[in-house]
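**Q** Given the coordinates of chain A, assemble chain B onto it according to the supplied hints.
Number of protein chains: 2
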Amino acid sequence: MNIGIVGLGLMGGSLAKAVKKYGIAKKVYGYARSEKSKKEILELNLVDELVDIQRLKDECDLIVLAIPVDNIISFLPNLLDIDKNTTIMDLGSTKEFIVKNIPNEIRSNFVAAHPMCGSEKFGPKASMDNLYEGKTVVLCDLEANDELHKNRAIKVFQDIGMRLVFMNSHNHDVHACYMSHLPHAISYSLANTVMNHEDPKSIIALAAGGFTDMSRIAKSSPNMWTDIFKQNRENLLNSIDLFEDHMKKVRQMVEDEEYEKLEEWMKKANTLHEIL
Amino acid sequence: MNIGIVGLGLMGGSLAKAVKKYGIAKKVYGYARSEKSKKEILELNLVDELVDIQRLKDECDLIVLAIPVDNIISFLPNLLDIDKNTTIMDLGSTKEFIVKNIPNEIRSNFVAAHPMCGSEKFGPKASMDNLYEGKTVVLCDLEANDELHKNRAIKVFQDIGMRLVFMNSHNHDVHACYMSHLPHAISYSLANTVMNHEDPKSIIALAAGGFTDMSRIAKSSPNMWTDIFKQNRENLLNSIDLFEDHMKKVRQMVEDEEYEKLEEWMKKANTLHEIL
Numbered sequence: 001m002n003i004g005i006v007g008l009g010l011m012g013g014s015l016a017k018a019v020k021k022y023g024i025a026k027k028v029y030g031y032a033r034s035e036k037s038k039k040e041i042l043e044l045n046l047v048d049e050l051v052d053i054q055r056l057k058d059e060c061d062l063i064v065l066a067i068p069v070d071n072i073i074s075f076l077p078n079l080l081d082i083d084k085n086t087t088i089m090d091l092g093s094t095k096e097f098i099v100k101n102i103p104n105e106i107r108s109n110f111v112a113a114h115p116m117c118g119s120e121k122f123g124p125k126a127s128m129d130n131l132y133e134g135k136t137v138v139l140c141d142l143e144a145n146d147e148l149h150k151n152r153a154i155k156v157f158q159d160i161g162m163r164l165v166f167m168n169s170h171n172h173d174v175h176a177c178y179m180s181h182l183p184h185a186i187s188y189s190l191a192n193t194v195m196n197h198e199d200p201k202s203i204i205a206l207a208a209g210g211f212t213d214m215s216r217i218a219k220s221s222p223n224m225w226t227d228i229f230k231q232n233r234e235n236l237l238n239s240i241d242l243f244e245d246h247m248k249k250v251r252q253m254v255e256d257e258e259y260e261k262l263e264e265w266m267k268k269a270n271t272l273h274e275i276l
Numbered sequence: 001m002n003i004g005i006v007g008l009g010l011m012g013g014s015l016a017k018a019v020k021k022y023g024i025a026k027k028v029y030g031y032a033r034s035e036k037s038k039k040e041i042l043e044l045n046l047v048d049e050l051v052d053i054q055r056l057k058d059e060c061d062l063i064v065l066a067i068p069v070d071n072i073i074s075f076l077p078n079l080l081d082i083d084k085n086t087t088i089m090d091l092g093s094t095k096e097f098i099v100k101n102i103p104n105e106i107r108s109n110f111v112a113a114h115p116m117c118g119s120e121k122f123g124p125k126a127s128m129d130n131l132y133e134g135k136t137v138v139l140c141d142l143e144a145n146d147e148l149h150k151n152r153a154i155k156v157f158q159d160i161g162m163r164l165v166f167m168n169s170h171n172h173d174v175h176a177c178y179m180s181h182l183p184h185a186i187s188y189s190l191a192n193t194v195m196n197h198e199d200p201k202s203i204i205a206l207a208a209g210g211f212t213d214m215s216r217i218a219k220s221s222p223n224m225w226t227d228i229f230k231q232n233r234e235n236l237l238n239s240i241d242l243f244e245d246h247m248k249k250v251r252q253m254v255e256d257e258e259y260e261k262l263e264e265w266m267k268k269a270n271t272l273h274e275i276l
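If you read the sequences in order, they're chains A and B.
Under the UniProt record's numbering, the first sequence has 165 at position 165, and the numbering climbs by one with no breaks.
Under the UniProt record's numbering, the second sequence has 92 at position 92, and the numbering climbs by one with no breaks.
Only chain A is shown next, with the shape it has when bound in the complex (with noise of 0.2 Å):
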């Protein structure tokens, strides 16, 4: 099989290596747009080849779209003449939006998916081979694809060591937001709040009082971001809105002195222990 990846940043780049790794492909193209990644992409030899799109689609048997959510579907157009065994798949982070934006033409094509995993640091040589290993990748609405096209895709992400989770995109979308989504907007405004406070001497001296692990998500890539907030914005707002309600409520327990109605709030959040 050869596998045509669009986008070599963490995500596409990581998929390269995977795939290099696990002998699943026999050659990797890869598509890039800026001069400035395709030097980076041909220096860390992420693939075997960088195409054009229509090499992409007359070589390839599986397109992987590693792009930021928006242009993901403002580069369906250039694949609606694709033969009708080649698979597409997206790796984004929303699956609603991207779904209901699907050409018909390309439709039992598309596979969309959503890799639970990476990391704040972005571009190609951000990319690592075992990023996908044990992680998990939510397929979805997998009831519109063609077997060919299921098949595929589910044992690409089986080949790379990940765990399946089926699930419809709306559903996918709300539960992305809580886990994911949620805790970026939160991040960003952690790391803004403290930068604007707080001297660089002093954030150096003092991070492992829980800062490191709360700010490092804010560390990523705000385009990507920015897009996904924005496909996911009702479910994000709701998420904030349920959110805000907790930090009321401790920032009023606190002025209050409820020091053990804070303390059985804090007892319900230890319950975490339970489950992860």
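Because the hints were derived from the structure by calculation, they are not lab data.
Careful, some of the hints might be misleading.
Since the list gives no way to pick out one identical chain from another, each pair is judged satisfied if it fits inside one copy or across any two copies.
Said to hold, decoys possible - No more than 25 Å apart at the CA atoms, straight line, and that leaves these computed lysine-lysine pairs for DSS-like:
hint: 1; residue 1: K20; residue 2: K267
hint: 2; residue 1: K248; residue 2: K125
hint: 3; residue 1: K155; residue 2: K27
hint: 4; residue 1: K36; residue 2: K125
hint: 5; residue 1: K267; residue 2: K36
hint: 6; residue 1: K267; residue 2: K249
hint: 7; residue 1: K121; residue 2: K201
hint: 8; residue 1: K36; residue 2: K57
hint: 9; residue 1: K39; residue 2: K26
hint: 10; residue 1: K135; residue 2: K201
hint: 11; residue 1: K267; residue 2: K125
Here the structure is a predicted model, which means the values were calculated and not measured.
**A** Showing chain B alone in chain A's frame:
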């Protein structure tokens, strides 16, 4: 030197292991109240002997209070008749309230310290011999200490591999609030939000999306953290207000679909790269 440690949970137990590992103490004595703790401490062989308060005072050159911040203050009356050559040290996460409550009789003996390390885990079993290595300890208001006590405390922290930072207790509490106490309040809120909304199955399946890191410290001890929030109440309320300004801002930008502004705001958070 003989060292006595009051409370042998994560901080105290790890200190016991570290001073043994580096051969700093001739004898390590422990003091614990609950039978459960005593049993665990003995099983884990954390100290040479568990003793009562009188023997701590009779036999130790250094007594370390590794207990929740409110308990530190209530323990002090036990130490009023301490020998003038015995050093007392605390490891609490707040400093100003503690320092203000040190009785005059022992003020020059008492070194106020906050090692900026830790883990969400607590209790004797959580102790690790390398918890302190390479981490920062903040030492506060040292001008109130006799040279003997100041130098002894500094030497112990250096010998277990810590980096020293000096600060007055007021400034410590402001910085520790932003770098540690606020992140804990946020993490507890996020954990409660997600556990109210999501089922355990989804939490386990999708936890890699940022939630794991952001919720880790929500597993921390409610007893210990209630006391910290209580002692650093005013700073915490102020920091929550500043954080809430940012949460309102991100919510508003998403609601108003001001995505360019949102990306700029994320880029500001991204500058954290340059510091951490």
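**Q** If a hint holds in the structure, say so; if it does not, say that too.
**A** Each hint tested on the structure:
Within a single copy, K20 and K267 get their C-alpha atoms no closer than 46 Å, and across copies no closer than 34 Å, so neither meets the 25 Å cut-off. When the C-alpha separation of K248 and K125 is checked against a cutoff of 25 Å, the pair qualifies neither within a copy, at 41 Å, nor between copies, at 34 Å. Proximity of K155 and K27 under a CA criterion of 25 Å is satisfied intra-copy only: 17 Å inside one chain copy versus 60 Å between copies. Proximity of K36 and K125 under a CA criterion of 25 Å is satisfied intra-copy only: 12 Å inside one chain copy versus 50 Å between copies.
Taking the closest pair of Cα atoms, K267 and K36 come within 25 Å of each other only across two copies (20 Å); inside a single copy the shortest separation is 50 Å, beyond that limit. Taking identical chains as interchangeable, the C-alpha atoms of K267 and K249 lie at most 25 Å apart only when both belong to the same chain, with a minimum of 14 Å there against 30 Å between chains. Taking the closest pair of Cα atoms, K121 and K201 come within 25 Å of each other only inside a single copy of the chain (23 Å); across copies the shortest separation is 28 Å, beyond that limit. In the homo-oligomer, the alpha carbons of K36 and K57 lie at most 25 Å apart inside one protomer (24 Å), although the nearest pairing across protomers, at 67 Å, exceeds that limit.
For the homomeric pair K39 and K26, the shortest alpha-carbon distance inside one copy (23 Å) is at most 25 Å, but the shortest distance between copies (61 Å) is not. Taking the shortest Cα distances, K135 and K201 sit within 25 Å of each other only across copies (15 Å), while inside one copy they are farther apart (36 Å). Proximity of K267 and K125 under a CA criterion of 25 Å is satisfied inter-copy only: 20 Å between copies versus 41 Å inside one chain copy.
Of the numbered hints listed earlier, those contradicted by the structure are 1 and 2.
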